[in-house]
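Take 1043 as the starting number for the sequence shown in the working numbering and just add one per residue.
Quick caveat, the hints were computed from the structure, so don't treat them as lab data.
There may be inaccurate statements among the hints.
Pair by pair, the computed Cβ-Cβ distance ranges are [as the list claims (entries may be wrong)]:
(1) GLU1116 - ARG1174: 25 to 33 Å
(2) PHE1120 - ALA1175: 22 to 30 Å
(3) GLU1097 - ASN1058: 39 to 47 Å
(4) ASP1086 - LYS1166: 19 to 27 Å
(5) ASN1168 - GLU1067: 33 to 41 Å
Everything numeric in this text was worked out from a predicted model, so none of it was measured.
Ideal Cβ positions, reconstructed from N, Cα and C, are used throughout, including at glycine.
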Amino acid sequence: MDYKRTTADKTTKTRNLNEFNEVTENVYETVSMISKRANQISQDLKQELYRKIEEFTSQSDNLEEVFENREQIEITRFYEQLPKPTLIAINEYLNDQIVYRNDENGKGVVNEMVLEVQQAIENKENKERAKRAKR
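All chains should be modelled from the sequences, with the hints used to inform the complete structure.
The structure is reproduced here in C-alpha cells:
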C-alpha cells in the first residue's frame, strides 16, 4: 500500500472503545491485531526508506558528499512526517481494510491487506482523478 497517500491522523486522538469491539468482540484481541498490522507497516516503511537512502550513498568520498547528505536528510524528514505505523493501522482497521481470521488453534491471524481491497481503493481514486481532469 502507498502509505504516503494515507488519510490517517498524524497525531493521536481519543477513540471510542466500542468501535474496536465490532469485529472481534474483544478489545485485547483487536489491539493485538492492530499492533501486528502496525509492525508490518513499520517493516515496509523501513525497507522502503533504506532502499531510497541507498540510492544516494556512494562508495567514495567526494566534494558532492554534502549535497548527497542533504538529499538523504530530505528523504528522512519526509518519512518522519508520515503518520506513525500504529495510526495507519488504526485507520485501516476503522475503514475495514485489515483482513482478520482465526486459525485452527483459535488464534487470530492478521493478513496483509487484500489486494482486491487495495485495487478497489486505487480504482476509486483513479476515477476521481479522471473526473477532476475532465473539469
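Note whether the CB distance of ASN1168 and GLU1067 lies within 33 to 41 Å or breaks it. With a Cβ separation near 36 Å, ASN1168 and GLU1067 satisfy 33 to 41 Å, so the hint holds.
Does the Cβ-Cβ separation between GLU1116 and ARG1174 fall within 25 to 33 Å? At roughly 28 Å between Cβ atoms, ARG1174 and GLU1116 fall inside 25 to 33 Å, so the hint holds.
Range first: 19 to 27 Å. Now tell me if the beta carbons of ASP1086 and LYS1166 are that far apart. 22 Å, holds
Starting from the range 22 to 30 Å, see whether the pair PHE1120 and ALA1175 falls in it by beta-carbon distance. 26 Å, holds
Taking 39 to 47 Å as the stated bounds, is the beta-carbon spacing between GLU1097 and ASN1058 within them? Cβ of GLU1097 to Cβ of ASN1058: about 43 Å, so the range 39 to 47 Å holds.
When the structure is compared with the earlier hints, no violation turns up for any of them.
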